[in-house]
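Student: Here is how the chains run, residue by residue.
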Amino acid sequence: MREALVNFALIALLPLVALGAQAAGETYVVTLAAKAAILALAGVGLNLALGVGGMVSLGHAAFFGIGGYAAGIAAHHVFAGTPVIGWPVTLEATDQMPLIWLAGVLAAGLAAAAIGAVSLRTQGVHFIMITLAFAQMVYYLGVSWKTYGGEDGLPIYLRNQFPGLDTGDGMQFFALAYACLLAGVALVWQVARSRFGQALAMARMNEARLAASGISPYPVRLVGFVLSGMVVALAGALFADLNGFAGPSMLSWHRSGEIMVLVILGGVGRLCGPLAGAMLFVALETLLGGLTDRWQLFLGLVLLGVVLFARGGLMGMLAGRARHG
Amino acid sequence: MTLALFLEQLLNGVQLGLTLFLMAAGLTLVFGVMGLINLAHGALYMTGAFVCATVAGATGSFWIGLGAGALAAAAAGAVVEVAVIRRLYARDHLDQVLATFALILIFSEGARLIFGDRPLWLDIPAALSGTLALPGGAQYPLYRLAIIGIGLGLAGGLWWLINRTRIGMQIRAGEADREMIAALGVDIRRLYTLVFALGAGLAGLAGALVGALQSVQVGMGEPVLILAFVVIVIGGIGSVKGALAGAVLVGVIDTMGRVFLPATFGLFMAPAEATATGSALASMLIYLVMALVLALKPKGLFPADA
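Protein chains in written order, with the working numbering: chain A, 1 to 325; chain B, 1 to 306.
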């Protein structure tokens with residue numbers, strides 16, 4: 001009950017901040033709110049693998065970046081007036097976000113299926129190292145792909161379009177990102193309470209029991225991993241459009257770490273934990289970053305403190321311990 | 001492909017491999033004995049390089065710098081173990097990942113605070129600045145041969161330490177059954193600190209050695225850390241022998257791939273395309289090898305419990 005109230009308050013807080021900032025003329029804060037919404041969406045996606053399925057993936061930057069590159073590549077071809085593929089069939093570029101998202105999410109889903117198929121053969125530390133290594137492979141692929149900017153990445157001069165919206169407007173872009181976040185939260189909530197979600201949670205808690213009840217854990221985990229990667233890819237596409245840039249930095253393993261950090265700051269396995277975590281993360285980045293260039297030092301100390309002494313994160317403090325271990 | 005080029009690149013690969021071994025040995029020992037995944041191992045590598053560059057710059061002696069770098073990394077490792085890592089042994093891997101990720105942030109910003117934002121440069125010691133003639137006519141830098149020698153020597157020393165000394169016996173016993181050796185009266189906390197500091201010292205030494213080949217800068221440890229993970233996954237986690245085999249394999253495949261793949265593609269593609277495709281594939285090669293090893297032997301080539 002208390003968690004539902006906190007969830008509701010967190011979901012309401014973000015648009016209130018954005019609206020308030022808009023009314024006060026602080027457009028920069030609206031951009032920050034959009035950033036928080038997008039990072040929260042990435043966290044919600046990762047939380048499906050991490051919190052529900054117990055898969056500690058350090059490779060989700062790969063999916064985040066694939067989504068980002070989908071937006072970047074589309075914008076690049078639209079700007080240059082060239083087709084994405086010229087042969088054997090011509091595929092014209094589009095600047096319509098729904099189509100870009102579909103392409104990015106599908107591409108990330110395929111990548112997640114391939115990476116997951118290999119990594120999920122292992123567990124524990126192996127899984128962490130292998131997801132990290134495969135994400136690094138995708139990173140190097142991005143760095144060496146000269147057609148799409150190589151190390152420099154791709155600038156997005158004009159934000160991609162969404163039917164009926166002016167995405168160049170900060171508030172409208174925030175609304176779009178926030179709607180995606182709500183859709184992501186609703187999706188993960190529905191998945192988590194479905195039969196499939198129960199099986200995924202059981203794969204985390206007691207694999208032998210899941211197998212004994214006639215459900216093979218491997219395909220359940222794989223589907224969970226792929227779904228999680230697809231949600232993160234949508235966040236990546238939005239993030240690229242927010243920043244007007246897609247590049248290898250989106251694929252770097254620091255990004256994987258950051259998404260994981262905001263899930264943990266919020267509280268792992270909690271529906272709105274990533275939302276709380278993302279707001280805290282963006283607030284820390286802005287406030288500390290304004291005071292000192294060394295803000296990551298303080299982020300490190302806060303994170304260390306949370307891990308060592310405040311297990312359960314922000315949601316643990318606000319809404320009490322999670323009911324299910 | 002000439003013999004000279006082949007030999008030169010093979011040696012480069014072995015040199016990279018032995019550097020990776022110095023990183024991977026510590027990681028795999030720490031995992032084998034304490035069950036801990038340490039993302040901050042690259043930060044200790046960086047610490048070794050920074051201290052070596054600073055001390056070598058101040059004293060004018062590379063060797064004093066090298067010793068100082070390895071000792072500083074070992075000391076930093078011991079401090080971190082006592083202050084933070086010790087609390088993580090009983091935690092799950094997620095907590096270990098996060099806490100050591102936090103340590104990376106702290107070390108990176110700390111290094112910027114202490115040593116400044118600009119990269120440091122470390123000169124190769126004068127005695128090793130020459131070259132050696134290889135069969136086939138190529139000149140190979142002595143310094144890289146020295147790294148190979150030091151790496152092999154340390155691999156031998158580590159083998160001796162683990163298989164022939166009392167400490168090594170305790171380390172092996174710790175891998176097999178932690179509770180039991182604690183019950184037998186071994187001070188397990190001290191042993192853990194020692195193993196962690198040993199791994200940190202090896203990483204620091206590797207960083208200092210490589211620091212003379214590249215620039216010494218913040219973040220230099222992370223690509224090496226990820227390669228060391230690939231090494232451990234290929235070699236078998238917890239196994240020092242596996243770490244050595246995996247490290248040399250990864251070093252040679254990576255180096256050879258970068259040189260010879262673009263050339264191979266050049267046989268049937270336009271030069272520019274061949275370079276682009278070849279180098280893209282080369283940068284992915286070791287990860288593909290890792291996937292292949294996992295598909296055939298999920299526990300790696302030399303599993304520790306075999």
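Keep in mind that the hints were calculated from the coordinates and are not lab data. Mixed in with the good hints, there may be bad ones.
Under 7 Å between C-beta atoms, here's a sample of chain A residues computed to sit facing chain B [what the hints assert, rightly or not]:
{"hint": "1", "residue": "R121"}
{"hint": "2", "residue": "G300"}
{"hint": "3", "residue": "L303"}
Chain A residues, not near chain B, derived (Cβ > 10 Å throughout) [to be verified]:
{"hint": "4", "residue": "A9"}
{"hint": "5", "residue": "V17"}
{"hint": "6", "residue": "V89"}
{"hint": "7", "residue": "P163"}
{"hint": "8", "residue": "G244"}
{"hint": "9", "residue": "W253"}
{"hint": "10", "residue": "L280"}
Note that the Cβ used here is the ideal one computed from N, Cα and C, for glycine as well.
Student: Give a verdict on every hint.
Tutor: Results of checking the hints against the structure:
Annotation: A/R121 was flagged as interfacial toward chain B, and the flag holds, the nearest CB pair being 5 Å apart, inside 7 Å. The criterion of a C-beta within 7 Å of any C-beta in chain B is met by A/G300, whose closest approach is roughly 3 Å, and the hint holds. A hinted interface residue such as A/L303 counts as satisfied when its beta carbon comes closer than 7 Å to some beta carbon of chain B; here the least separation is about 4 Å, so the hint holds. No Cβ of chain B comes within 10 Å of the Cβ of A/A9; the nearest lies about 26 Å off, and the non-interface call holds.
Taking the minimum C-beta to C-beta distance to chain B, about 26 Å, the non-interface status of A/V17 holds against the 10 Å cut. At roughly 21 Å, the least C-beta separation between A/V89 and chain B is larger than 10 Å, which holds for a residue marked as non-interface. Once the 10 Å rule is applied to beta carbons, A/P163 is consistent with being away from chain B; the minimum gap is 36 Å. At roughly 25 Å, the least C-beta separation between A/G244 and chain B is larger than 10 Å, which holds for a residue marked as non-interface.
Annotated as non-interface, A/W253 brings its C-beta within 10 Å of a C-beta of chain B; the closest such distance is 7 Å. Listed as a non-interface residue, A/L280 keeps its Cβ farther than 10 Å from every Cβ of chain B; the least gap is roughly 15 Å.
Going down the numbered hints, you'll see the structure goes against just number 9.
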